[in-house]
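What follows is each chain in one-letter form.
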Amino acid sequence: MSEAPLLSVENLRIDLAIADARHAAVKDVSFAIGRGETYGLVGESGCGKSVTALALIGLLKAPMSVGGGRVRLHGEEIQALPAAQMRKLRGKKISMIFQEPMTALNPVSPVGRQIAEMFVLHEGATWREAERRAVEALASVRVPAPDRRVKDFPHQLSGGMRQRVMIAIALACNPDLLLADEPTTALDVTVQAEILELIRDLSAAKGAAVLMISHDLGLIANMCARVGVMYAGRLVEERPSQEIFSAPSHPYTKGLVASLPLLGDRAKHGRQRLREIAGVVPAVTNFPAGCRFNPRCPAASDICLSDDPAPTQLPGGLVRCHHHD
Amino acid sequence: MLRKVAIVAALSLAAFAAQAQAQTPRKGGTIRFTAPYGSSFASLDIHSTNRTQDEIWAKAIHRQLYNWDSVANKPVPELATSVTASPDGKVHTFKLRQDAYFHHGRQMTADDVIYTFTRMMSPKVAYPGSRYARGIKGALAYQKGEAKEIAGLKKIDDFTLEMTFDEKTDPGFGFMNSYLSIYPADEAEKDSFQSKPIGLGPYKFVEYVPGSRMVGERWEKFYKPGKPYADRIVIAIMGEAAARDVAFRNKEIDASVLGPAQYVAYKADAALSKNLLEVAEVFTRNMGMNPTFKPFADKRVRQAINHAIDTDLIIKRLVKDKAFRATSWLPASSPAYDDTLKPYAYDPEKAKALLKEAGYADGFEFEWTTSANESWGQPIVEAVIPMLAKVNIKVKVKPVEGTVLSEVVRKGEYQAYIWSNTTGPDPYEALKCFHSKTPQSQCNYVLYNNPAVDKLLDEANATDDQAKRIGLLKQVNKILLDDAPVWFFNYNKAVMAYQPWLHGLQANATELALQYYEDLWVDDSSPAK
Amino acid sequence: MLSYLARRLIQTIPILLAVAALIFILFSVIPGSFASSLGDDGKSVLDAETMARMNRELGLSDPIYVRFARYVGQLAQFDLGVSFRTRQPVAVVIAERLWPSAQLALASMGFAIFVGVPLGFVAALRPGSLIDTGSMVLAVSGLSLPKFWLGLLLMYLFALKLGWLPSFGYGDGGLKHLLLPAVALGVSPLALLARTTRAAVLEILDADFVRTARSKGMSETRVVRWHLARNALVIVLTTVGLQFGSVIGQAVVVEKLFSWPGLGSLLIDSVSLRDLPVVQGAILTIVMIFLVINLTVDALCAAIDPRIKYT
Amino acid sequence: MSPLIAHTDPVMDANLMNAEVPPGAEFWFGTDAQGRDIYSRVLYGARISLTVGVLSQLINTAIGVALGMSAGYWGGWWDDVVSGLTNMMLAIPSLVFALAIMAILSPGLTSLLIALGLTNWSYTCRLARASTLSLRNQGYVQAARILGYGDLRIMLTQILPNILGPIIVIGTLGMGGAVLAEAALSFLGLGIRPPFPSWGSMLSDARDQITTAPWISIFPGLAIFVTVLGLNLLGDGLRDILDPQARARTA
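Protein chains in written order, with my numbering: chain A, 34 to 358; chain B, 1412 to 1940; chain C, 44 to 354; chain D, 4 to 254.
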């Protein structure tokens, strides 16, 4: 990689302030996404995936804050940009799709207007012009009869339709990077595939890179070239997606992969939760000493209880484990 | 002490009159008066309400056959130029004024007077004034529908009226009340009369904002030449003393009736204290004791209560000297007032002794019904409670609204109550309440029954000799003091604060708030237009 | 929409009937009567015979079920009866109080809305700031000062000390006389509105769509203007409706203090004079106004929030 | 507690010679027009005012929850009846209602509790009904129904604990309201049975002395202010503790 990647994240740390103490909810997370690349971030709920995405777009809210590290977009650091400049990046360069399309849209505003806002905000369009372009944007996310749908309110649309509106909003201004935070989790199985397809196609067409966040390893595998696995605020493994399935290195990744139905069975069994790993993700305030996965790890040894493993370079990736394969 | 106060009051009145003479009344301006007894007028049909609050506006709009002369302290003919009574006192001939015009321009005639008294006895509607009109011969027959008109009302000519009563009657005390105002026969039956009253008074009705104010403008054809002086009168309805205080200090009203708290404050203020009008009114504040409640049937217990309460202290400290110690039922302003009577001394030991004699050495408990009134209600009761506790008498307070107080007292559904009762201007009327034949619902609230008193009252009623009458009534008053049917608390001293530009106020002992609007005038230092 | 309104209006009829029955029963067993009130100041005297006649004339000597039947019969013909004291139709007595009451209610709610809502907004946008704490203290003061007390303080300050405004009365019905009673009456709905607005805005600020708006690169002012205001408005409006309706009934003390010719003082006077037809009529009117205002608010909310349907 | 820390008896220790003494060493808060120690009366007044505030609000809450929860749970005609009742109670001027009840029952603590406890439950009822409606079809409630739990048991064990948070908040706010309502009734002459003090009656008794002896009203006024402030803060605090959303926010 001679050229600077589109996005690079180095040693990102996200603090959670409770009372006077600061806990590192996310720590030492580093990864990079190239132009037009689709990168997957996977892990159970509470692993810090969504928080990481919010940190990238600068929308962390108290008591969360970026505690250290660098985030570069086009080689320029953005983690410490003044609010006004960060705001200009949002929507224009980086945009985001959220999990719940129902609550993520303003219930009392027509969807057309919510799309049109993007053109007014970032391209200085007039409302009239923006409304016209909103119809086009709606058409581009394959919503039938877009000229009528623009006047609809969110509650009048189905879940899939709403998520299409979200996608239309996110891609309205041709961003370089799209953060998709579990974009299909709240949807019916039947529409999940359509939405994913839409994201893939449109981002490809517009040349946008995608950070796809999901707890669903199967979904990530289908979409992404490379995958990062997060556990308890750490990136524990990062590999090309083929490799991570064929030869998972971290015990946690192994667990994730083992819990998957065979590829291709997905359609038959529907989505699967990662229930098969015993135990739960510890709370931020209660991370264990040493390797954070040690309470649940089948291979845990003494060193795991005392020393936090450093990342080990693997061909095409890295792993953070004392006992990696 | 009382005599001294009376003299001071008389002096201040004299000074007042002198001041009034020294200046020539100015024509024009606006008088801004206040109606302090509640937050609205009951009705614009003065015949249907006898509340003092309503009399305050009625005095501007209406006139009656008689009016109270506050200097002579007696009722005098107002709409009549002369009244002659037959020797038996039953037939009165009224020569009516020929210069009295109603506000719609028509001259008043005997027909209007007849109409008024006939209306009063309406078979359909119960008017408070029927109390006095009932005595007219044939009035009851008319009310029952047995006659088409009242036989005792006879028109001699347009301005002469003969009125025959069933019994010997002195109509002045009754007919001076505003709720017997003379109505125009042609207008009063109209619906509009209920909202736009027409009368003979010095001011012509302009507007009424219910709950807020009434406005009148000068009636040019008022029968007293040159009067009234002011162009307009505004009567503001202001029941809250604290609000009135602000308005008065802010010079938004020209006169304000004061309560004890303000009386002290105004007296202490160099500027405000100059313009206070004080008068001994004809009300007696008292605690009535129900003889059907066993302890109160015993005279010694009632006397003990009079001894146990430090009445002077309450008057001085709580009522702030805005009252005179009651020495029996009749007030200092009454012609039959007896200034030789000594009030019950504050003597808890004597009270205890009397209670012991009566068999209540360990005391007893009674329920005391009271309204929230600041001068004769809850605060007084609260001050008395610890005093009675010292002679082992416990008090349970029962707070009620005014209307409930008046009801339970008339029905006798109380053990004790505290109230203010009219004790004038006619001393016989005031004392008749203690005649055993007077029903409790009338005014013998304490079911007083003393044959000696009955006899004296009957004699007083029969005699034509004023001096003898007064003498008999004084005796009754003295017996009452000893019998102590009530705790004799005080006689009211009414105080009105007025602005320096308001002139012509009179010390009306029947009710200070009832003024003679035609005599009032404001000089040009008034801020009102 | 029209059928919805019609149905809602019809639904108010049983409520009005229930109110009529409840008030009728309460004021039938209440001690005291109009006749006894005519002698309650200890000065005027009403004789026993006239009192008895008056009770008969006013129909008060009939048994309660007869009176109630008569009353319901009148109501069915939209007749509120005749006032005991003025002998005018109750509708007339009430009508002359409506406009001053409406003025006072409008002014006090206007004051509450135009101060309370922005205050709540600012407080919510800067939680923990001086303005937030200040508005909280102000709100609590508004909720903890008895109205007569607050009214007196206002009179002292603005009429007597500063001389800016008249202390009492209706004047010509203009703003000058309206201001002080409106503020005295408006402070407690102001406090409630400020607190409700603050809570509503805080909740909406946490909503996902606000995050979406921010992710679009919107400035905070635009977030508030474009997305927050309308959503908060629904919650605020509902509170306004409830307060607006009750402010007319709560005006009793303030109207008494400021000699304001509204329904509240009419009601309280009629209670103390036991003018039962007016008491019943005034309460029914106040209830009716309350119901209509809330109906209007519901309709407004439906217009603002497309999720609310006319059902 | 009051008798221990109060200097004097709030009723019997009246000395008219000491009337309207400003605050000082002997009388910390001064004396009132009757010459009674205001400090003692404020302490005793707390007993009555707080009893009125807390108990009347408990009654309101009980009525509101019972009606609102059952209406939300059962729906149907009962829901219509309760909604009608709620609207009615919201619409009737509660002060006049309370005044009528006081006039009928005659003033006193019990009457106050009835007058204020029966007239202010509509907000609670509305809230309970709305929350119950949203919970009625939740999985765990339906599960309980399938398990054959009785309606009453479901309401008490499954629904009530989950709707209590906001209701307690409304309740604490209402307590301040009840203290003030008692003051308004005292202003109209039908509050607590005198001579026992409540803050409201002390305040309304002192209104004529607002310029001549301001301390008579300042101290009970302050007591009400501090209490209502405290209750509001308590309500806010409880909301933060009990509101699951707020809890999630801080976690």
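Hint data in this document are derived by calculation from the structure and do not stem from the laboratory. Careful, some of the hints might be misleading.
Derived DSBU-like pairs (lysine-lysine); straight-line CA-CA distance at most 35 Å [unchecked claim]:
no., chain 1, residue 1, chain 2, residue 2
1, B, Lys1607, C, Lys219
2, C, Lys204, B, Lys1678
3, B, Lys1763, B, Lys1705
4, B, Lys1727, C, Lys219
5, C, Lys204, B, Lys1767
6, B, Lys1678, C, Lys219
7, C, Lys204, B, Lys1607
8, B, Lys1940, C, Lys219
9, B, Lys1559, B, Lys1501
10, B, Lys1662, C, Lys219
11, B, Lys1940, C, Lys204
12, C, Lys219, B, Lys1638
13, C, Lys219, B, Lys1579
Check each numbered hint against the structure and report the violated ones by number, ascending.
4, 5, 7 and 13
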